[in-house]
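All chains should be built: construct the whole structure from the sequences, respecting the hints.
Just so you know, the protein sequences line up as chains A and B, in that order. So the first sequence is numbered by the working numbering: it starts at 1 and just counts up by one. So the second sequence is numbered by the working numbering: it starts at 1 and just counts up by one.
Don't read these hints as lab results, they were simulated from the structure. You can trust all of the hints, since none of them are fake.
DSS-like, lysine-lysine: derived pairs with alpha carbons at most 30 Å apart:
1) A:92 - A:26
2) B:59 - A:133
3) B:92 - A:92
4) A:89 - B:92
5) A:92 - A:111
6) B:103 - A:166
7) B:92 - B:103
8) B:103 - A:167
9) B:92 - A:166
10) A:92 - B:103
11) A:26 - B:103
12) B:59 - A:111
13) B:92 - A:26
14) B:103 - A:89
15) B:92 - A:167
Computed from the model, here is a short list of chain B residues facing chain A with C-beta under 8 Å:
16) 4
17) 6
18) 10
19) 16
20) 18
21) 36
22) 42
23) 50
24) 53
25) 57
26) 67
27) 70
28) 75
29) 81
30) 84
31) 85
Being a predicted model, the structure only gives us computed values, none of them experimental. Beta carbons are placed, not taken as given, at the ideal position from N, Cα and C, and that holds for glycine.
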Amino acid sequence: MNISQILFGILTVLALVSALGVVVSKNPVYSVLCLIVTFFAISGHYILLNAQFLAIVNIIVYAGAIMVLFLFVIMLMNLNAEVEPQKSKILKFAGFIAGLCLFLVIVAALKNADEKTQTQATQLAGGDIGLIKNLGRALFNDYVLPFEISSVLFLSAMVGAVVIGKKE
Amino acid sequence: MSTVPLTHILFVSTALFFTGMYGLFTRRNMITMLMSIELILNSVNINFVAFNKYLFPQKMDGIFFSIFIVTIAAAEAAVAIAIIINLYRTHKSIDVDDATELKW
Numbered sequence: 001m002n003i004s005q006i007l008f009g010i011l012t013v014l015a016l017v018s019a020l021g022v023v024v025s026k027n028p029v030y031s032v033l034c035l036i037v038t039f040f041a042i043s044g045h046y047i048l049l050n051a052q053f054l055a056i057v058n059i060i061v062y063a064g065a066i067m068v069l070f071l072f073v074i075m076l077m078n079l080n081a082e083v084e085p086q087k088s089k090i091l092k093f094a095g096f097i098a099g100l101c102l103f104l105v106i107v108a109a110l111k112n113a114d115e116k117t118q119t120q121a122t123q124l125a126g127g128d129i130g131l132i133k134n135l136g137r138a139l140f141n142d143y144v145l146p147f148e149i150s151s152v153l154f155l156s157a158m159v160g161a162v163v164i165g166k167k168e
Numbered sequence: 001m002s003t004v005p006l007t008h009i010l011f012v013s014t015a016l017f018f019t020g021m022y023g024l025f026t027r028r029n030m031i032t033m034l035m036s037i038e039l040i041l042n043s044v045n046i047n048f049v050a051f052n053k054y055l056f057p058q059k060m061d062g063i064f065f066s067i068f069i070v071t072i073a074a075a076e077a078a079v080a081i082a083i084i085i086n087l088y089r090t091h092k093s094i095d096v097d098d099a100t101e102l103k104w
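Below, the structure written as structure tokens:
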């Protein structure tokens, strides 16, 4: 057990417990707060996986922008546990069993994924592959077309949000 | 130095995926369903980054895919919240069972 395995275990437990909190809690505000904890744990996973820039972007975009938007909308609509619609118990039980069965099947299929990576895992690159210098160089050479297309996508999403959201 | 095996990371992302799936199927609140979708997208991101590190450590394709997924998730959340606000104005509720005009 070295330090990265211990960190991985802590982050995994944090991510899974708070993800369960998102789908279980009755109050939507608690769901949002649990989701922010999940995003921080996932960002820790990214740092352990040599993707430091992606970890920072994840915190800024998700925990900083999207979740604040969610919180504002929830507080604007004054949602709380009393008005939260609930599904029947039997449907929840059926969803749980079906999800668990598919989960077990996929985990069994992933069981021997390690054997395929044995050859490459011994020659891992240095930890600086995910830093912004390398990423920026590749982003403006190899990925410049998707980058520009995503800017057009943002423009259309912004116009669409304004058009849908404005009063009649 | 022994690293974390790939199987454990894939287990985390699969568990997150099915947690999000369960939330998507059992909750009727539109905002919580949208949050479940964000959970699912993040589990996919973990998969991309993990395979990028373990299979192609010299390349950055997985990281770029994850960055573009985060970008699209932000745009999707903005449009979805605009739709939810509009629905709340007309129906005074964000229960998906109340929005049945397009059902038949």
